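**Q** Given only the sequences and the hints, what does the whole structure look like? Please build it.
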Amino acid sequence: MVCLGNICRSPLAEGILKNKVNPNTTFVDSAGTAGYHIGNPPDPRSIAVAKKYGIDISKQVCRKFTAADFKEFTTIYVMDKSNYDNVIALAKNEEQIAKVKLLLSYINTNVNEVPDPYYGGDSGFEDVYNLIDQACSNIAKTLKDQQTNG
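Each step along the sequence shown adds one to the number in full-length UniProt numbering, with nothing skipped, and position 25 is 25.
Treat the hints with care, as some may be off.
To be verified - Computed cross-link-like contacts, DSS-like style, restricted to lysine-lysine with a CA-CA straight-line distance of at most 25 Å:
hint: 1; residue 1: K81; residue 2: K18
hint: 2; residue 1: K141; residue 2: K71
hint: 3; residue 1: K92; residue 2: K141
hint: 4; residue 1: K20; residue 2: K141
hint: 5; residue 1: K99; residue 2: K51
hint: 6; residue 1: K20; residue 2: K51
hint: 7; residue 1: K99; residue 2: K18
hint: 8; residue 1: K144; residue 2: K64
hint: 9; residue 1: K64; residue 2: K18
hint: 10; residue 1: K20; residue 2: K92
Unchecked claim - Derived Cβ-Cβ restraints for the label pairs, each shown as a range:
hint: 11; residue 1: K59; residue 2: Y36; range: 30 to 38 Å
hint: 12; residue 1: S105; residue 2: Q147; range: 17 to 25 Å
hint: 13; residue 1: D145; residue 2: Y119; range: 22 to 30 Å
hint: 14; residue 1: G120; residue 2: K81; range: 18 to 26 Å
These are computed hints drawn from the structure, not numbers from a lab. Predicted model, so just to flag it, every value in this text is computed and none were measured. Even for Gly, the Cβ is constructed at its ideal location relative to N, Cα and C.
**A** Spelled out as structure tokens, the structure:
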């Protein structure tokens, strides 16, 4: 799960997807394309909205996305087109580029980017949570189907 600073959207996405998958078969992590907040916890508003839905993301630590993540992960979900561009700029080949997906491509919506709630109010975090939750539900179902059939 990748966003810009790894303090708002991607920590929520990490926590939400972790809550929906089997941790013994699926590893979920998050990162930011910018190194603004390395070593910091998520934004308190992300922590609060996750807690409201029974998910604890308070122990997450922000990190920067690196080219090594292409080797570590089979799929890299990004929150918006700008971060998509930043991530694929680090890719070495078409195989790595193919791993990068817009998170909201997993739901049927006219919105294809998760908006950055950082400069808005608390309601923006609630809206972002709901979008990410829908996408993560579909991703978790797809992963479960693949594990059952594959």
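**Q** What's the verdict on K64 and K18, does the C-alpha distance respect the 25 Å limit or exceed it?
**A** holds, 19 Å
**Q** Going straight from one Cα to the other, do K20 and K92 come out at no more than 25 Å?
**A** violated, 31 Å
**Q** Under the criterion that the straight-line Cα-Cα distance not exceed 25 Å, is the pair K20, K51 satisfied?
**A** OK: K20 and K51 at ~15 Å, within 25 Å.
**Q** Take the C-alpha atoms of K99 and K51, compute the straight-line distance between them, and say whether it is at most 25 Å.
**A** violated, 30 Å
**Q** CB of S105 to CB of Q147, is that within 17 to 25 Å?
**A** holds, 21 Å
**Q** Taking the beta carbons of D145 and Y119, is their distance inside 22 to 30 Å?
**A** violated, 38 Å
**Q** If you draw a straight line from the CA of K141 to the CA of K71, is it 25 Å or shorter?
**A** The given pair, whose Cα atoms are some 24 Å apart, holds under the 25 Å limit.
**Q** Given the hint that K20 pairs with K141, test it: the Cα-Cα distance must not exceed 25 Å.
**A** Holds, at about 9 Å.
**Q** Quick one: are K59 and Y36 within 30 to 38 Å, going by C-beta?
**A** violated, 20 Å
**Q** Does the beta carbon distance between G120 and K81 stay inside 18 to 26 Å, or does it fall outside?
**A** holds, 19 Å
**Q** Are the Cα positions of K92 and K141 separated by 25 Å at most?
**A** Not OK: K92 and K141 at ~30 Å, beyond 25 Å, violated.
**Q** Are K144 and K64 close enough, with their CA atoms no more than 25 Å apart?
**A** violated, 28 Å
Violation of the numbered hints given earlier is confined to hints 3, 5, 8, 10, 11, 13; the remaining hints are satisfied by the structure.
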